[in-house]
Amino acid sequence: MAILSTPIIGEITVLDLLIFVVIVCISVIIANLAGIYIKKSLSDRVRRDEMAKIVKITQAAIILIGIFISLPSFKVDFGELLLIGGTAGIIIGFASQRLVTNIGSGIFLIVERPVKIGDTVKIGETSGTIEDIRILSTTIKTFEGIYVRIPNETVFNSEITNYVANVARRFEYRVGIRYSDDADKAVQIILSLLEAHPFVLKNPPPSVYVDELGDNAVIIMVRIWAPSREWWAVRTEMLWKIKTALEEQGISIPFPQRVVWIQESSASGRNLSPGAEVPGGEAGISR
19 MAILSTPIIG
29 EITVLDLLIF
39 VVIVCISVII
49 ANLAGIYIKK
59 SLSDRVRRDE
69 MAKIVKITQA
79 AIILIGIFIS
89 LPSFKVDFGE
99 LLLIGGTAGI
109 IIGFASQRLV
119 TNIGSGIFLI
129 VERPVKIGDT
139 VKIGETSGTI
149 EDIRILSTTI
159 KTFEGIYVRI
169 PNETVFNSEI
179 TNYVANVARR
189 FEYRVGIRYS
199 DDADKAVQII
209 LSLLEAHPFV
219 LKNPPPSVYV
229 DELGDNAVII
239 MVRIWAPSRE
249 WWAVRTEMLW
259 KIKTALEEQG
269 ISIPFPQRVV
279 WIQESSASGR
289 NLSPGAEVPG
299 GEAGISR
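With positions in the sequence shown counted from 1, the corresponding number in our numbering is that position plus 18.
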């Protein structure tokens with residue numbers, strides 16, 4: 019036991035050095051375990067180079083905490099250390115405020131995972147596909163093929179709309195038919211098309227019904243669920259198929275119509291039939 023109390027440097031003894039080494043070794047072990055856990059958790063979320071940065075930052079933070087915990091064994095004055103560290107922290111914080119904020123936001127985005135690479139999203143006013151998630155920024159490829167780099171602070175504080183987070187997505191059509199057409203027949207034609215399409219989901223099922231009696235047409239509402247990553251192709255394909263299938267069965271999609279009445283301008287006030295032509299007459303339009 020006398021060996022443990024033997025001074026090495028100043029008041030630092032062998033026991034102090036041993037405690038320091040043990041705590042640092044435990045910190046290194048914990049840092050390595052944390053690195054393994056992070057790699058397993060984030061392997062499908064971020065790229066390898068970004069994950070390596072996160073692992074290194076986490077491991078360095080854990081080891082620094084271990085060193086900080088072991089400092090009392092070296093008779094370090096915590097009051098002075100905290101004063102120096104606090105002053106340095108304030109200076110560094112002001113100098114790199116945006117950088118630290120973006121790093122923190124990037125870590126939260128990776129951990130919380132509101133979006134991931136390949137998702138179709140809208141962040142603020144930018145819509146497109148997530149191409150990359152880094153510690154400092156997120157890259158979006160817009161539908162026009164333009165790459166937009168957004169700081170993670172902006173991403174974290176913005177409203178995020180994820181179009182593919184749910185496995186299914188719904189869209190709808192409003193299909194108008196003539197009042198003289200058979201609405202039940204039109205509904206059955208549309209339902210048969212939906213049942214035959216491989217990407218129209220059975221659960222939740224599609225919904226087809228008469229929704230409104232409009233000025234010029236009977237409005238049929240068509241609501242369809244499709245896989246989120248296929249919904250656009252299904253939406254564009256089914257609209258044309260519904261149109262052609264209805265026309266093949268003699269059901270037309272009407273357009274606004276107007277009836278033109280021609281009224282004589284003479285004092286007799288005689289009304290003529292629709293479509294009649296009178297020289298010098300006045301035309302009136304009614305629906």
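FYI, nobody ran anything at the bench for these hints, they're computed from the structure.
Hints should not be assumed to be uniformly reliable.
Said to hold, decoys possible - Simulated pairs of lysine to aspartate or glutamate, DMTMM-like, Cα-Cα distance not exceeding 20 Å:
hint, residue 1, residue 2
1, 259, 202
2, 57, 130
3, 159, 213
What the hints assert, rightly or not - Ranges between beta-carbon positions, derived for each pair:
hint, residue 1, residue 2, range
4, 237, 268, 17 to 23 Å
5, 261, 59, 19 to 25 Å
6, 135, 258, 28 to 34 Å
7, 241, 83, 53 to 59 Å
We put the beta carbon where it would ideally sit given N, CA and C, even for glycine.
Hint check:
1. At roughly 18 Å between alpha-carbon atoms, residue 259 and residue 202 fall within 20 Å of each other, so this suggested pair holds.
2. Between residue 57 and residue 130 the alpha-carbon distance is near 16 Å, which keeps this suggested pair within the 20 Å criterion.
3. Simply put, residue 159 and residue 213 have alpha-carbon atoms about 34 Å apart, too far for the 20 Å limit, and the pair is violated.
4. Checking the proposed 17 to 23 Å range against residue 237 and residue 268 shows it holds: the Cβ atoms sit about 19 Å from each other.
5. Between residue 261 and residue 59 the CB atoms are about 49 Å apart, so this pair departs from the stated range of 19 to 25 Å.
6. At roughly 33 Å, the beta carbons of residue 135 and residue 258 sit within the given window of 28 to 34 Å.
7. In this structure the hint that residue 241 and residue 83 lie 53 to 59 Å apart at CB holds, the actual value being about 55 Å.
Consistency note: the structure conflicts with the earlier hints numbered 3, 5.
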